[in-house]
Amino acid sequence: DTEVTQTPKHLVMGMTNKKSLKCEQHMGHRAMYWYKQKAKKPPELMFVYSYEKLSINESVPSRFSPECPNSSLLNLHLHALQPEDSALYLCASSQTDRHSNQPQHFGDGTRLSIL
Amino acid sequence: AQKVTQAQTEISVVEKEDVTLDCVYETRDTTYYLFWYKQPPSGELVFLIRRNSFDEQNEISGRYSWNFQKSTSSFNFTITASQVVDSAVYFCALSGYKKLTFGTGTRLTIIP
Numbered sequence: 254d255t256e257v258t259q260t261p262k263h264l265v266m267g268m269t270n271k272k273s274l275k276c277e278q279h280m281g282h283r284a285m286y287w288y289k290q291k292a293k294k295p296p297e298l299m300f301v302y303s304y305e306k307l308s309i310n311e312s313v314p315s316r317f318s319p320e321c322p323n324s325s326l327l328n329l330h331l332h333a334l335q336p337e338d339s340a341l342y343l344c345a346s347s348q349t350d351r352h353s354n355q356p357q358h359f360g361d362g363t364r365l366s367i368l
Numbered sequence: 015a016q017k018v019t020q021a022q023t024e025i026s027v028v029e030k031e032d033v034t035l036d037c038v039y040e041t042r043d044t045t046y047y048l049f050w051y052k053q054p055p056s057g058e059l060v061f062l063i064r065r066n067s068f069d070e071q072n073e074i075s076g077r078y079s080w081n082f083q084k085s086t087s088s089f090n091f092t093i094t095a096s097q098v099v100d101s102a103v104y105f106c107a108l109s110g111y112k113k114l115t116f117g118t119g120t121r122l123t124i125i126p
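Chains A and B supply the protein sequences, listed in that same order.
Using the working numbering, the first residue of the first sequence is number 254, and each one after it goes up by one.
Using the working numbering, the first residue of the second sequence is number 15, and each one after it goes up by one.
Hints may be right or wrong, so weigh each one.
Sample of chain A residues at the chain B side, in silico, Cβ under 8 Å [what the hints assert, rightly or not]:
#: 1; residue: Pro-296
#: 2; residue: Gln-357
#: 3; residue: Phe-359
These are computed hints drawn from the structure, not numbers from a lab.
We put the beta carbon where it would ideally sit given N, CA and C, even for glycine.
Modelling step: build the complete structure from the supplied sequences, incorporating the hints.
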């Protein structure tokens, strides 16, 4: 079983809806990540949170809004998404983002479909 | 700029055969880390191994083995006596400042 838990596992939403993806880890990790993965492609980094502060935003459109309420939780708020935003959204965590030797541990992902 | 190349897009082998997945990387860093991840159909990326640039010792874990050759910038992954449960997409990744650079992945299918 994964130590990074993501909910929901599947989400279908219309382009005008507002929804949130949730991610939780209890490994004491202080870095958390959001990735987007299209079919047959590698994961693409969206956001990095380090010690609950936004560390990296990879020029993601503002219709994606991340939030890190505490060191164990990471949310991704979605609003006015486009059909091309349909993808697998993966959350990951690592002990820290300050040392490149730390492996990232991934959740199962949320499969998002935009109608 | 960093780059990871996994030239094999898809590989199919019959169960119990050995299979090697290739990974070639480019980096200007003198210290770096390489990773392999497995992604089964369920979606989760499973961390398999980490190797630092100063350690060229090959590693074996059960049926899995990794061959790191700095001279050719390669970090290949071999599965011995493959099993159906090994069917997945495998990603090689290279560490950078706060980021991982992933290869495009190799889809491995083990035929029963």
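Hint by hint, here is what the structure shows:
| no. | hint | verdict |
| --- | --- | --- |
| 1 | Pro-296 | holds (6 Å) |
| 2 | Gln-357 | holds (7 Å) |
| 3 | Phe-359 | holds (4 Å) |
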